[in-house]
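Two chains, two frames, a set of hints: combine them into the complex.
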Amino acid sequence: NAGVTQTPKFRILKIGQSMTLQCTQDMNHNYMYWYRQDPGMGLKLIYYSVGAGITDKGEVPNGYNVSRSTTEDFPLRLELAAPSQTSVYFCASTPGGGNQPQHFGDGTRLSIL
Amino acid sequence: AQSVTQPDIHITVSEGASLELRCNYSYGATPYLFWYVQSPGQGLQLLLKYFSGDTLVQGIKGFEAEFKRSQSSFNLRKPSVHWSDAAEYFCAVGHLNFNKFYFGSGTKLNVKP
Numbered sequence: 063n064a065g066v067t068q069t070p071k072f073r074i075l076k077i078g079q080s081m082t083l084q085c086t087q088d089m090n091h092n093y094m095y096w097y098r099q100d101p102g103m104g105l106k107l108i109y110y111s112v113g114a115g116i117t118d119k120g121e122v123p124n125g126y127n128v129s130r131s132t133t134e135d136f137p138l139r140l141e142l143a144a145p146s147q148t149s150v151y152f153c154a155s156t157p158g159g160g161n162q163p164q165h166f167g168d169g170t171r172l173s174i175l
Numbered sequence: 004a005q006s007v008t009q010p011d012i013h014i015t016v017s018e019g020a021s022l023e024l025r026c027n028y029s030y031g032a033t034p035y036l037f038w039y040v041q042s043p044g045q046g047l048q049l050l051l052k053y054f055s056g057d058t059l060v061q062g063i064k065g066f067e068a069e070f071k072r073s074q075s076s077f078n079l080r081k082p083s084v085h086w087s088d089a090a091e092y093f094c095a096v097g098h099l100n101f102n103k104f105y106f107g108s109g110t111k112l113n114v115k116p
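Chains as they are written, first to last, in the numbering used here: chain A, 63 to 175; chain B, 4 to 116.
Pulled out of the complex, with its shape left as it was, chain B reads as follows (with noise of 0.2 Å):
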C-alpha cells in the first residue's frame, strides 16, 4: 500500500540555522514527489516538486529537496530559515497512472527568533 511519513511532527529552528524535514515514501512505483507549505488559515502552496532527472530539486523560497531512491526519501531543506518560514510543510506523493495523492501527516515549523 502506497504511504508518506513524515517522522517528525512539531520542530524548532532558530532563525538563521539550516532545516531539514524529513520525508519518506512506500509506492510500488516511480513516485511523483511533492512538498507543499501550509500557513495558518490558509491552504497548501507547491513550494517543488520531483519527476524526473536531476535528484536535487529547487523550488521557491530558497527550499530544495533531494530524491534518493534507495532510501525512498524525499528531504526537504533550506540554508537559512527565516522567521516566515513558520508553517506547516507536507510532503505528498502521486504517479502518471494513478489520479489520486497521498499525503504525510504534515511537520509543523516554529522559528525561535
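Isolated chain A (complex conformation) (with noise of 0.2 Å):
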C-alpha cells in the first residue's frame, strides 16, 4: 500500500537552481494536486490535473511548472529556484474532485539558499 509517494524528502537548492519534484500514486486516481505548506498559512495549492494530459493553475502557481503524462505521476518543477520557494511541498490525490477525500504524501521539505 505505497499511496503518495514524493521523493526526494529533503533538498537543499541555492538561487537560480532548478529541480523536479517527484510525485507518483498507485491508487488510479485521476486528480492530483501539488500544496505548499507555510507556517501558520496552511496549505496554498499551486496547480492540479483532472487526469493525464490536463493541468490547470491554482492559487500560488508562479515560479512552478508541471505536467501529467500519466495518470501515477505528477512532478513539479522549478525552474529557478528563489528564497520564497523554501517550504514543505505536498502531493495530493483523490479519485474524484472537490467531494472526495485526498491522500497526501509525506512531503518535500525544500530550503533555498
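Hints are computed from structural coordinates only; laboratory data are not their basis.
Computed from a predicted structure; not experimentally measured.
Be careful, since some hints might not be right.
Unchecked claim - Residues from chain A shown here face chain B by an in silico Cβ test under 7 Å; the list is partial:
no. : residue
1   : P101
2   : L105
3   : Y126
4   : V150
5   : F152
6   : P163
7   : G169
8   : L172
As the list claims (entries may be wrong) - Here are a few chain A residues that sit away from chain B, every Cβ distance over 10 Å (derived from the structure):
no. : residue
9   : I77
10  : T82
11  : N127
12  : R130
13  : S131
14  : R139
15  : S173
16  : L175
Even for Gly, the Cβ is constructed at its ideal location relative to N, Cα and C.
This is the structure in C-alpha cells:
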C-alpha cells in the first residue's frame, strides 16, 4: 500500500538552480494536486490535474511548472529557485474532485539558500 | 469567495480533558467538509468527512465533528484527549462541482501530561 510517494524528502538548493519534485500514486486516481505549506499559512494550492494531459493553476503557480503524462505521475518543476520557494511541498490525489477526501504524500522539505 | 477559518492557532489541553477545535467556512454552495491531522514530518491524514445526512459524523481515533449550516461551522471534538493527539489539525472544504479544496491555516494542539 504505497499510496502517494514523494521524492526527495529533503533538498537544499542554491538560488537560481532548478529541480523537479517527484510525485507518484498507485491508486489510479484521476485528480492530483501540489500544495506548499508555510508556517501558520495552511496549504496553498500550486497546480492541480484532473487527468493525464490536463493541468490547471491553483492559487500560487508563479515560479512552478507541472506536467501530467501518465495517471500515476505528477512532477512539479522549479525552474529558477528563489528563497521565497523555501517551503514544504505536498502532493495529494483523489479519485474524484472536490467531493472526495485527499490522500497525501509525506512531503518534500525544500530549502533555497 | 470561498474561505475556511480556524480561529485558534494554538490550543493546549490536559490529557484526559475534552477538546473542541473550531472551523468556519464561507462557501457559496453546499460544501463537502473534511478534517485532517498532521503529525510532525508527516503528510495529512483524513480524520473524518461530511457529505450529507446526519450532521454529527464520527471519524478515526475517537474524533467527531458536527456540521451546523446556520453557523457555517464544522467543529471537531474529542471527549478525552490522549498525549498522542498532539499534532496540527486542518479543516478543509470542497464541492462536488469544483476540483479544488480550500484549507484553513491549521490549529496546533499541545497536550499537557
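Index of numbered hints that the structure contradicts, given in increasing order: Violated: hints 1, 3, 4 and 8.
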